[in-house]
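Novice: The residues making up each chain are set out below.
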Amino acid sequence: MAVSTVPVSTVPKRRSSALQTLGLGLFWVLIVVILLYVLFPFYWAIKTSLTSSADLPQTALSFFPPKPTLENYVTVFTTPSFLYSLRNSLVVAVGTVLISLVLASLSSYALGKFRFRGKTALMYIILGVSVFPQIAVLGGMYTTIQTLNLYNKPGGLVLSYMIFTLPFTVWVLTSFVREIPTELEEAALVDGATPLQTLFKVLLPVMMPALATTGLLAFINAWNEYLFALTYTSDDAARTVPVAIASFGGGSQHESPFALIMAASVVVTIPLIILVLVFQRNIVSGLTAGAVKG
Amino acid sequence: MAISTGSVSRPRRRAGIETTRARTAMWLLLPTVIVLALVAGYPLLRTIYLSFTDAPLNSNSGPTTFIGFDNYLFKGEDGTWTGLLVDPVWWTAVWNTVKFSVVSVVLETLLGLMFAMVINSKIKGRGLLRTAILVPWAIPTVVSAQMWAWMYQDNLGVISQWGRSLGLLEAGQSFLSKTDTALWALVAVDVWKTAPFMALLLLAGLQGIPADMYEAAEVDGASKLRQFFRLTLPLLTPALLVALVFRTLDALRVFDMPFVVKQYAQETMTMSIYARQNLIDFGTLGYGSAVSLLIFLIIMVFTVIYVTSLRVRFD
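Protein chains in written order, with my numbering: chain A, 1 to 294; chain B, 1001 to 1315.
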């Protein structure tokens, strides 16, 4: 009896630990599969960008670049229209971030700390604008931009980008301002500070983390925008990186110089990836704040 | 007297402060309101107006006349109906968009949930995984479209090569160039790009579930599977719904990725692509505005349903 009970009681235990090891192994396989899935397309782009255009037809399917070369990167950085597009994108994205942060700081102070009639209605309108399909204003805005003489100018893109950066920035900053203790503001008002002084000298320093997060997300959105950039620009004077990359090589799909396109793609993506990795905590919190709050 | 003036003047002073505060708030909001009116309000009103006209994009090409609902539906002299509502290409675009949105959002949710649960488990390497899944999200949409267009390329694309070795494709064919698989090839790109975003939203929801609830379930002898369906899923539902709605709104508006990869090809034409083709390429601002307005209404109906059913709170 005693002899027979020993195996009976140990077998399930051994099986469960074997199962656990198996489970852990499967788990690691799963992690590796996810990593491969998520990173492979980017790896493939880097690999292609390191292959010379002449060799590409022969070596397109090999998993490593047989003769790594930087010639595509040299070509990309000596193509004037690509350099112009980098400059335009930088101007547009920085301009969009600065203007939307200034406007949103002012209005989030009003929405977060003041009581007035029509506030809820205004919040509804701002939320409504944030889900506006860009296509709904594409035609109407075309005439506005032409009337203001902003067609094919970075200013025209900055103005049009307000439709998606401003509502988001106002939302997130408002929910942040609301959490700032009212005592801080009252103390400043008692000391005789004007509302603008209160905002810039007292509240803004406290708001820095939220400003950084929303500014970063606005930058990424402006840097990546395509539909307006495609429609409201016509040449190197205002064309941004996404438009340049989408139209790289121009002609038919078969003749598209993919090695060059991949090099340009890697060039414009690396700064974004670094930015995202450095600020990943801010970005995750900003995304979830934006999604949960509206 | 003194008492009555006191009681009269105090409310008046308080009202004065309230009025001043309200006026200050108005000045603070003014720049934002002006900009939003300029980029959203006015263009939207203009789109509504233009949708009832035959306006051309280039104002030099002719005068604009008011034509009522003719852009939407119009009975010709020979008794045939024309207009947006009977345009087969529009309905193809609608159907494509719906198929694209439903399938990609469902797949993104399932995949995102899996990513989120793996990252949320107490295993080594999850930090690395969380960082890695941010990469597809960080890549600009146009860039990721080009990257996938290259992998889908007819002869040299690596995915076409896999398709050939699996016997799914013939030489010179790709999932993108075959009309019956093109839309699904684009769904794959969208899923790859946005499942990580979904995972981040769901991860926040998962981390909000207190650990002692799992301990209690463990003590009660609930299996992992049971814990998932009875504990994780119900508690995750709010986060799941919000993420689902956001992704659906995005998917219904999709333009960039299918346009960069397939331009105006009908098998992958979405509502937004159809609108832009009419607005800009065909230069029919009036008809294109009718399309835009219809898209706007579809999105708004969806949003209203969402706001009311989820009871989004504002204050």
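Mixed in with the good hints, there may be bad ones.
Among chain A residues calculated to face chain B with C-beta under 8 Å, some are [what the hints assert, rightly or not]:
#1 F27
#2 V29
#3 L30
#4 V91
#5 I135
#6 L216
Think of the hints as simulated: they come from the structure by calculation, not from any bench.
Every residue gets a Cβ at the ideal spot worked out from N, C-alpha and C, and that includes glycine.
Novice: With reference to the structure, classify each hint as holding or not holding.
Specialist: Checked hints:
1. F27: 6 Å, holds
2. V29: 11 Å, violated
3. L30: This hint holds: L30(A) lies near chain B, its Cβ roughly 6 Å from the closest one there, short of 8 Å.
4. V91: Constraint on V91(A) not satisfied, violated at 17 Å.
5. I135: Constraint on I135(A) satisfied, holds at 4 Å.
6. L216: L216(A) check fails; min Cβ-Cβ to chain B is 11 Å, beyond 8 Å.
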